[in-house]
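**Q** Here are the chains, one letter per residue:
Number of protein chains: 2
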Amino acid sequence: MLVVQKYGGTSVGDLERIENVANRVAKAREEGKDLVVVVSAMSGETNKLIGYAEHFTKNPAKKEMDMLLSSGERVTAALLSIALQAKGYDAVAMTGRQAGIVTDDLHTYARIEKIDPTAMQNAIKEGKIVIVAGFQGINKDGSVTTLGRGGSDLSAVALAGALNADQCEIYSDVDGIYTTDPRIEPKAKKLDVISYDEMLELSSLGAKVLQNRSVELAKKLKVKLYAKSSFSDNEGTLITEESENMEEVLVSGVVLDKNQARVTLRGVSDRPGIAAEIFSKLADENINVDMIIQNVGTDGATNLGFTVPQSEIDNAKKVMEEFDHDIEGMDYDENVCKVSVVGVGMKSHSGVAAKAFSALAANNINIQMISTSEIKVSMIIDEKYGELAIRTLHEAYELDK
Amino acid sequence: MLVVQKYGGTSVGDLERIENVANRVAKAREEGKDLVVVVSAMSGETNKLIGYAEHFTKNPAKKEMDMLLSSGERVTAALLSIALQAKGYDAVAMTGRQAGIVTDDLHTYARIEKIDPTAMQNAIKEGKIVIVAGFQGINKDGSVTTLGRGGSDLSAVALAGALNADQCEIYSDVDGIYTTDPRIEPKAKKLDVISYDEMLELSSLGAKVLQNRSVELAKKLKVKLYAKSSFSDNEGTLITEESENMEEVLVSGVVLDKNQARVTLRGVSDRPGIAAEIFSKLADENINVDMIIQNVGTDGATNLGFTVPQSEIDNAKKVMEEFDHDIEGMDYDENVCKVSVVGVGMKSHSGVAAKAFSALAANNINIQMISTSEIKVSMIIDEKYGELAIRTLHEAYELDK
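Chains as they are written, first to last, in our numbering: chain A, 1 to 401; chain B, 1 to 401.
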């Protein structure tokens, strides 16, 4: 059985924790597993190096940043290999380049183009535990590239795909994916299994655990992902393809996003292409639009609503002023939040959305905007009711059971 | 004019010092020079990483150590490149691999086998300042290798050779090579020029400034070396081939080595090969023999003397006991030191050694052993007279003039 494990910055945060990781890897080895272990930089290291660079300029060259930042993962990989060897295990440390990871030229946010797993496979054949510095590769010119924040997850998933590994285990200081944020609802329960799509929709629940790009890649490569804690022997959460069994669960989780501001445009003129114009202009200004809702209005004119991150509401207002002649009126509200209910079960079961609306209504929480997808219902409500709404929905769908 | 500069750990010890180095590089650039700049790890960084590894084992694998330790120079190279770019200069950072440095397989003490300077030359043609992470290369399998302590000097000299650079400037916190250790003789003078051979004989004077292997390589590749300080605009010392001008100087420097212990074997039996047996046995035990002196004794039997580092005297005694039947008697003295007078002028001038003997005799310093080479006279004396001997010799040869 070939397993790719990935240990994040907190899991390798100091020498004692690296020792702990070495013990976990050794244990898996004793269970007869072949292992490729991807590591992040020791926590704090990457920020320290960024701070160094910013001492000289706020805009350091990305090529240089990649050379700088990739050093942190190399240090951890070498140390973990040394720690394993000290315990009598045959280990070998590899950089991204040595592991065969080739990326495009987009420094600091490179995409993996191909992986030549030969060196890793040869080492595995020789009975070695392979330790790979995460987050990095080289481009076709041989320059070091990095994969962006959380890129070590991506390294792990991509290696698991290239090696055709049986599973990929992502270790952090959180022991899996929960039905909602336990800080809001202490009854939140860890999920045993969740689909890739649900995971993507619940990404803010897993933000500390799994990078979105990694989940997308895992879905594409059909890599069985486990989110686990390196500090416990808990089973963790399996992120995988939908199974029939999974469809029995209507709702997997509820999630709160407080960083939302609402813009509603009333009486948008009915000329073709107006929505495209508005959202193109917002995109040109790098304003990140989340929900978009369009209703047919009363007099033939349209009502158009959308949400943006709170920090971008002022820029969004400015852009909207250019459309003055096309719009009758505008509302803004920075004090809103988004609550979402996610579950693959919604696809085949009606009434899931209705249950959310009733539950909120029963608590006098007014819903300002609604948007639904196949596996998600999102609602914009007054920000101050956010936590109450999460607890209400968590109970309504019996997620604590 | 193409110049290779190398800045050591102290010169890039913190962000302000890297800024200072950037200013110096920028100044050289403004003078119209093409530049390849080799950097060490920030001071303390390499020892920190070694400490990390030794947390796990006293004998970490050398391959892993190379991956670990090479990260320090990469950080400095990236930061210096960023600092130069922030000042508006076009710079590019390269790892040892990217600079084309290929070594043998001897991890942690690799030797440079070849350098492909194409990438550096292309960057120079594009008007770029090339910053290279020192101390490292890759072997033919693509594994990272390092060149041993002081290896960045070696990188710089090798790159200067491969690029056919006009000169190679080694920057540290010392502004050149002195006639003797200024802590012993405050009148010690900085030398403007010295030959490669003298530098090698005076290596302990330059230990903080220049690694011996680098001087040997510079001699072989005929690279003009400058030892300079990154904290002053002092001219530094040029280390180069002997010139006629240089021969006018009889003596370049005097140097003290306190880490010496003397062994004298009296009445060594006259059978052929006895000396070879003794020193082979010492070598087998990894005992580092420095001076070796053999005199014909009075009754046909030979007297044999040698020196070893003080820490190895006990092991040396033990080895000598095996030769009991071949030796009449033995003397040991741990309280000795070696003073040496070095100068290419000795080759063509007689009386240089005699002046040393007279000067010491005039101060009642007894000389226990004498050994001479073409450009060096070394004398073993009582340890307590070491500093006095240095000051006496420094004055006798008018090195303060």
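A portion of the hints provided could be inaccurate.
Since the list gives no way to pick out one identical chain from another, each pair is judged satisfied if it fits inside one copy or across any two copies.
Unchecked claim - List of simulated lysine-lysine pairs, BS3-like, C-alpha gap at most 27 Å:
1) 140 with 114
2) 58 with 87
3) 58 with 128
4) 128 with 87
5) 27 with 58
6) 347 with 140
7) 62 with 27
8) 128 with 189
9) 317 with 33
10) 222 with 128
11) 219 with 190
12) 62 with 87
13) 317 with 27
14) 189 with 125
15) 224 with 62
16) 62 with 125
17) 48 with 189
18) 258 with 318
19) 318 with 222
20) 222 with 401
21) 224 with 128
Just so you know, these hints were derived from the structure itself, not from any lab.
**Q** Quick check: which numbered hints come out false for this structure?
**A** 6, 8, 9, 13, 14, 15, 17, 19 and 20
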